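S.K.: Sequence:
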Amino acid sequence: MGEAVTSAAIGEAGPLERIPAGVRRIHLLGVGGTGMGAFAALLKAAGYEVTGSDEALYPPMSEMLPKWGIDAFQPYAPENLDRARPDLVVVGNVIRRVNVEAEAMRERGLPHVSFPQALGQLFLEDRHSIVVAGTHGKTTTTSMAAHLLAAAGRDPSVLVGGVAGNFGGNFHLGTGADFVVEGDEYDTAYFDKGPKFWHYRPRTVIFTSCEFDHADIYRDDAHYESSFERLMELVPEDGLVLACASTGAPERIARARCKGRVETYSAMPGVEADWIADELRSGPEGTRFTVRRHGEKLSEALLPLGGRHNVENALGAIAACMDRGVTAEALAAGLADFLGVRRRQELRGEPNGIRVIDDFAHHPTAVRETLAAVAAKNPGRRLVAVFEPRSNTSRRSLHHAAYAASFGEASLAILQAPLKHDKVPEDDRLDVQKLCADITAAGTPARAFSTPDEILACLLEEARPGDVILLMSNGAFGGLPGRLVDALSSRAS
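Its first residue numbered 1, the sequence shown is counted upward by one per residue in UniProt numbering.
No wet-lab data here; the hints were simulated from the structure. You may find that some hints are simply not true.
[To be verified] Ranges between beta-carbon positions, derived for each pair:
#, residue 1, residue 2, range
1, D427, E229, 26 to 36 angstroms
2, G482, E285, 46 to 56 angstroms
3, T440, G194, 40 to 50 angstroms
4, G109, A487, 27 to 37 angstroms
5, P78, G478, 31 to 41 angstroms
6, A487, D155, 21 to 31 angstroms
7, E426, R219, 30 to 40 angstroms
8, V271, G168, 33 to 43 angstroms
Please read all numbers here as calculations on a predicted model, not as lab measurements. Beta carbons: idealized from backbone N, C-alpha and C, even for Gly.
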């Protein structure tokens with residue numbers, strides 16, 4: 001990577017437009033986050049000297065960073081920059097302008113860029129960037145596509161927002177030409193309010209879905225869609241967008257804005273698309289289906305996950321990999337070995353015959369589809385759905401009606417009420433008590449509780465052998481999945 005260079009040689013305080021050659025020492029602000037921590041490890045694997053800082057470190061990063069040989073300083077302080085002596089500072093999305101270390105960085109004239117910009121310029125420019133974008137299914141589809149390429153011997157690089165079972169983590173620096181990256185539409189940094197995926201130099205895009213989300217940064221549907229419109233415009237003429245045709249928005253946006261090829265895919269009956277998954281058969285082993293392109297049967301496939309939405313995720317990944325030269329037979333073989341992603345229909349345990357499943361679902365569509373998938377994979381079993389509306393969007397009332405219609409597959413729904421000191425204005429806040437009444441009116445008894453402790457007590461009273469308990473949250477949920485398994489195990493012994 002060349003000779004080390006001084007900050008003065010690189011340029012004045014940034015953010016930089018371009019990262020120059022010669023950067024050797026890189027310091028990450030916000031290194032304790034899963035994405036930033038994985039990026040730190042990716043940089044380390046690429047040969048850079050890497051340090052980081054955070055206010056406080058917690059598992060898993062408090063354990064993983066030392067294993068990767070990365071010094072992480074706590075808390076944020078100007079002195080951390082003295083210890084790191086960086087050529088370049090990478091600023092995470094969590095960092096605000098008033099962060100004391102960020103202020104010192106600017107005062108000292110240290111060059112800095114955002115995490116997405118660093119990823120794009122240091123890793124994606126010279127590789128075939130496969131960007132997985134959309135409201136739903138990004139993490140699973142990214143993990144699938146990377147695994148399918150790896151199973152075919154292409155050794156791709158990958159950076160994903162969850163722990164991918166086949167990679168044992170959320171990153172891999174491969175020797176192949178492909179880099180599969182989860183494309184996030186959330187904003188980039190305090191100095192760059194555009195979406196992260198605008199920096200990812202897409203050659204292939206898998207566009208899974210587009211439903212209004214991230215209400216804390218997007219005003220409305222049009223504003224939300226505009227981020228994906230720009231992503232489509234970044235695809236070159238020789239690039240490819242694979243747009244899910246099961247809902248109208250991805251195909252509409254892609255055809256209007258992409259100057260490259262656009263192909264569609266779907267697993268929904270009656271939907272016309274270039275790529276089709278049909279003849280779906282669900283069972284305890286997962287979902288079997290047939291892959292067709294332009295009406296021609298390519299292969300039979302077994303996906304170890306449940307749910308039509310996951311079949312569509314797999315179909316998008318298959319189409320992208322076939323475009324990269326992988327055969328249908330190799331893809332079918334690889335798909336059968338897919339180990340899934342942590343917190344995506346993850347079985348946490350089955351104490352006393354009570355199956356406990358943990359999932360990241362938080363948008364109403366994801367809640368509905370995850371419940372349908374788990375129900376299909378567990379026929380004849382009582383399904384208890386436990387949901388924490390934690391995200392900036394789910395804590396708002398805008399999806400109330402959609403949530404009320406999302407719990408039909410459950411025998412019982414248990415919801416946690418948002419905290420009383422929630423920053424969402426009271427007029428905009430989700431009324432969980434009313435939501436429970438509406439879910440009950442739709443046919444599924446529903447109850448609301450204030451804390452994970454109260455929910456745990458209810459579950460221990462309610463649960464009986466044969467039940468499936470599905471816990472859904474985009475956060476830790478007070479450690480409820482693990483605590484529930486432990487409590488049920490203790491009760492069984």
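S.K.: Does each hint hold? Answer for all of them.
M.R.: Structure-based check of all given hints:
1. D427 - E229: 26 to 36 angstroms: About 31 angstroms separates the Cβ atoms of D427 and E229, which means 26 to 36 angstroms holds.
2. G482 - E285: 46 to 56 angstroms: 26 angstroms, violated
3. T440 - G194: 40 to 50 angstroms: For T440 and G194 the Cβ distance comes to about 42 angstroms; the hint holds.
4. G109 - A487: 27 to 37 angstroms: 54 angstroms, violated
5. P78 - G478: 31 to 41 angstroms: 35 angstroms, holds
6. A487 - D155: 21 to 31 angstroms: 43 angstroms, violated
7. E426 - R219: 30 to 40 angstroms: Check failed, 20 angstroms falls outside 30 to 40 angstroms.
8. V271 - G168: 33 to 43 angstroms: 36 angstroms, holds
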